[in-house]
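Number of protein chains: 2
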Amino acid sequence: MTAIDDALRANEHYAQTFTAGNLAAPPRRRLAVLACMDARLAIHRMLALEEGDAHVIRNAGGIVDEDALRSLLISHHVLGTRELMLIHHTDCGMLGLREEELRSKLIQESGAAAVAPARFYGFQELESNLREQMAKLRSHPWVPDAVTMRAFIFDVRTGRLREVAAAAE
Amino acid sequence: MTAIDDALRANEHYAQTFTAGNLAAPPRRRLAVLACMDARLAIHRMLALEEGDAHVIRNAGGIVDEDALRSLLISHHVLGTRELMLIHHTDCGMLGLREEELRSKLIQESGAAAVAPARFYGFQELESNLREQMAKLRSHPWVPDAVTMRAFIFDVRTGRLREVAAAAE
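Chains as they are written, first to last, in the working numbering: chain Y, 44 to 212; chain D, 44 to 212.
Just so you know, these hints were derived from the structure itself, not from any lab.
Be a bit skeptical, because a hint or two may be false.
One copy or two, either will do: identical chains are not told apart, so a pair holds if it fits within one copy or between any two.
Claimed, not checked - Mimicking SDA-like on lysine to any residue, the simulated pairs with C-alpha atoms at most 20 angstroms apart in a straight line are:
| id | residue 1 | residue 2 |
| --- | --- | --- |
| 1 | LYS179 | ALA189 |
| 2 | LYS179 | ALA58 |
| 3 | LYS179 | GLU109 |
| 4 | LYS179 | GLU168 |
| 5 | LYS179 | GLU55 |
| 6 | LYS179 | GLU206 |
| 7 | LYS148 | HIS183 |
In this text, all values refer to a predicted model and were calculated from it rather than measured experimentally.
Given the sequences, and given the hints that come with them, work out the whole structure.
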């Protein structure tokens with residue numbers, strides 16, 4: 044029995060008790076969340092979100108790279124979200140990641156170089172990195188000024204979100 | 044009261060009853076999920092995942108772009124996951140997205156062109172697009188052969204996952 048088989052058995056039960064089959068694509072709460080992929084972040088439970096409430100965009104570190112930007116532009120302009128929560132967390136695997144070491148290891152183990160990904164986006168400090176992601180969004184001409192944007196650090200020990208001021212350091 | 048304020052009030056309750064504070068970063072089930080950001084997909088509930096079980100990577104469409112690849116490489120090589128579920132869904136907002144129309148609208152509304160994102164990754168057909176994402180991963184030299192990879196379409200009407208064969212069409 045693999046982890047995927049387990050998940051599929053659970054989905055069978057989910058489908059049998061599913062009552063959210065009449066929802067449209069635009070998120071009901073007009074909310075988007077951009078968060079780290081970390082396994083300890085169960086976003087729906089953490090924020091009490093139901094099916095249909097919010098877009099959830101996740102990647103390693105909760106970074107505003109080209110793809111998160113792509114997803115957020117779709118979210119705001121095509122599907123009408125008007126608020127964004129950016130969620131990083133304590134004990135993140137990207138904190139202190141040695142990018143060149145990882146790249147060398149991958150090249151050595153696979154015997155091949157690769158064009159993509161060009162960067163891994165490891166970072167050295169949690170709050171300044173979070174502010175940098177906010178600034179990248181705020182400076183992009185296609186991110187609507189009308190979108191409310193707030194940034195948080197999730198404490199994996201306590202389950203609590205702490206807001207990080209948006210002001211530049 | 045904004046959607047973010049609502050979510051923060053819910054997080055206060057979550058933190059008060061939080062019991063998962065002793066988990067390490069590597070996912071317990073050694074599972075990663077790459078899924079669309081769509082609001083109707085509540086991944087943890089859909090698959091009965093608990094805090095600590097699995098990485099969850101999400102973007103518009105569940106596309107294997109440079110960033111999803113970055114996140115998956117971190118997941119497999121740095122944090123030890125060994126299975127991957129790729130989850131697209133019916134009624135996806137990226138189905139039939141007219142990329143050039145969207146780009147023109149953004150340039151017109153903002154009065155500015157932008158370098159990124161270079162693509163929006165709209166697609167025309169669900170199953171072939173899903174197979175294309177699988178093929179991009181399988182052909183990348185840094186994605187370990189040992190990772191079990193399976194692809195699914197989530198039916199937003201029934202809550203049920205349907206597996207899509209990995210074979211090329």
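Here's how the hints hold up against the structure:
1. Taking identical chains as interchangeable, the C-alpha atoms of LYS179 and ALA189 lie at most 20 angstroms apart only when both belong to the same chain, with a minimum of 16 angstroms there against 36 angstroms between chains.
2. In the homo-oligomer, the alpha carbons of LYS179 and ALA58 never lie at most 20 angstroms apart, since the shortest distance is 39 angstroms inside one protomer and 30 angstroms across protomers.
3. For the identical chains of this complex, LYS179 and GLU109 are neighbours both inside a copy (10 angstroms) and across copies (18 angstroms), given an alpha-carbon limit of 20 angstroms.
4. Proximity of LYS179 to GLU168 under the C-alpha cut-off of 20 angstroms is restricted to the intra-copy arrangement: shortest distance 17 angstroms within a copy versus 33 angstroms between copies.
5. Within a single copy, LYS179 and GLU55 get their C-alpha atoms no closer than 41 angstroms, and across copies no closer than 29 angstroms, so neither meets the 20 angstroms cut-off.
6. In this assembly of identical chains, the alpha carbons of LYS179 and GLU206 lie at most 20 angstroms apart only when taken from the same copy (18 angstroms versus 38 angstroms across copies).
7. Within a single copy, LYS148 and HIS183 get their C-alpha atoms only as close as 34 angstroms, which misses the 20 angstroms cut-off; across copies the closest is 15 angstroms, which meets it.
The structure fails hints 2 and 5 (numbered hints given earlier, in ascending order).
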